[in-house]
Amino acid sequence: MALLEVDGVGRRFGGVQAVADVTFALQPGEVFGVIGPNGAGKTTLFNLIAGLFEPSSGRVVLDGTDITGWPSDSVARLGIGRTFQGVHTFKGVTVRENLQRAALLAHSFDPLRHFGNLMRRRSSVDVAVCEDVARFVGLHDRLEETAAGLSYGLKKLLGIGMALMQQPRLLLMDEPAAGLNPTEKRRLGEVIRDIRQMRCIDVMLVEHDMKLIMETCDRILVMNQGRPIALGDPTQVRSDPAVIDAYLGVDYDFA
Amino acid sequence: MKKIIFAVVVLAVAGVPLAIGGKYALHVGSMIAITATLALSMNLMLRIGQVSMAQGAFMGMGAYSSALLTMKLDWSPMVAMLASAVVVGMLAVALGFVFLRIKGVFFVLLTYAFAQIVNLSIQEASTWTGGNNGLYGIPKLAILGFRMVEPSAFYLCALAVAVLAWAVVHSVFRSRIGAILDSIEQDEGLSRALGTNALRWRVAVFGLSAVLASLAGSLFAHHLNFLSPANFTFLQNVDLLIMNIVGGVSSPTGAVLGALILVPLPELLRDAKQYELLIYGGILLGSLLFLRDGLVGRLGRLSFARRAVQTMREAGHGAA
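Sequence lines, in order, name chains V and P.
Throughout the first sequence, residue numbering follows this note's numbering, covering 1 to 255 in sequence.
Throughout the second sequence, residue numbering follows this note's numbering, covering 1001 to 1320 in sequence.
Hints may contain errors.
Sample of chain V residues lacking proximity to chain P, with all beta carbon distances greater than 12 Å (derived) [to be verified]:
no. : residue
1   : I80
2   : R121
3   : D132
4   : E144
Where chain P lies over chain V, by a calculated footprint (3+ residues, C-beta under 8 Å) [claimed, not checked]:
no. : stretch
5   : 20-29
6   : 194-201
If you are wondering where the hints come from, they were derived from the structure by calculation, not from laboratory data.
Even for Gly, the Cβ is constructed at its ideal location relative to N, Cα and C.
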């Protein structure tokens, strides 16, 4: 059975059909990519799955549970983690506290049920897990630095680390490579593959960077003007006439 | 060591009204303790990034409810006080699910409107509350049948409530809950994406702040033995806000410090009444300009500076 099923999902903003009739199913164990020119509706599709917007049509099903229109925190608690376009971290605190807070925010949502546990000191959260995740994304020697002082690339890795603290079943990544230099992109590609292989978390990513997409994704959904135009493995997608047509004149390098 | 110094300072300050003695000093001391509890309830709201104009209304509800329960139903003041706090807290939770969906200026206006409704209701329900003529003859506070007729006994009760309120706010923000609340305040989108129901946490804080305000209101009623709607206007909230700014928003100690400075001020300036607002304004302006985290922030930096000097000295000795 598919982990995530997206069935005929669409979203209209006033007169604009931002996303229309998107259908796909995520197979267990794959890295799934979504690409398309600017304004294709990729991020909107993401936000429809993650619960930031409610779909105007269609259904989103996670592992048999219909999560269509659920608020983002409920979706997160059911096992969908996400990273943001740009960086979102708690700026003023250390890398360690960012990771600790992520675990806390993910696992103690009910004030009454967790009261005893919650009244313990802030700094006591999951020390071993924090260090493990920090090592995984390569931030273990920067645990005591404040998040604001990290480079852009490291902040993005911290964002991924925080999403991992949530122990999600599926990780949505919104343009993880945007703003990274080639070295950082290579490192990111490794981390994404490790997430899939070592942590057994399925990954779905929206990306502009064709090299990263082609190298890391098992299957790719191509969108244009809100509609899906192709779905298949990287070689299929690369040679699809509809895809070439959509990108024509945009000077994309299919690496 | 720091904790011991802190405790000694608190005991010394708390002991001042008892040392001076007399009805007047103990009255001022009691008012400081009651207002400190209120300032703490405002501090909770400020910590989650919401300026609430409803704290005065919650105080009024606690005051009138406690007064009426003791006067009309002959309840013991302590039971009335606790029951009022529970009911006002539950009401705040129910309202919070609506109010706290709204942020910033709109939240200020919404809570302001709510406070006006409460105040007007108190004025209009004159058969019960005495309306604008006020409510007279509220019994003194009594705990387990022991009536707090002595001003010093009441002062100690008000002090105990204030200390308890401080301890609750302090331990909440030192705990994991504090980390969650700080996170929600700093980046709500991220906090929610990680799985936290931000609204529920804000509502819980709103409820707790209402409980503190209600307790302070009940103490106020049993202390003055007279209530009027004029005691619970929107200006009350502005005062609480100023106390937090002067003392420092980032810690509950700041709220208490603010009350400690601003409550006795009119009493100290009795002979210079015409300059009272001027001095008040000067203090506010000065703390906005020069004390970024209020007095607490300033004291924190002083002790940091002292530590730095000491470390340098020790390093110097080592080298010599």
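So, going through the hints one by one against the coordinates:
Look at I80 (chain V): its CB is around 9 Å from the nearest CB on chain P, not clear of 12 Å, so calling it non-interface is violated. For R121 (chain V), the condition that its CB be more than 12 Å from all CB atoms of chain P is violated, with the nearest at approximately 6 Å. Residue-level check passed: D132 (chain V) sits 18 Å from the nearest beta carbon of chain P, beyond 12 Å. Interface exclusion of E144 (chain V) from chain P stands, the closest Cβ pair being 17 Å apart, more than 12 Å.
Counting residues of the stretch 20-29 of chain V whose beta carbon lies closer than 8 Å to any beta carbon of chain P gives 0, which falls short of the minimum of three for the stated coverage. Evaluation of the coverage hint for the stretch 194-201 of chain V: breached, as 0 residues show C-beta separations to chain P shorter than 8 Å, against a requirement of three.
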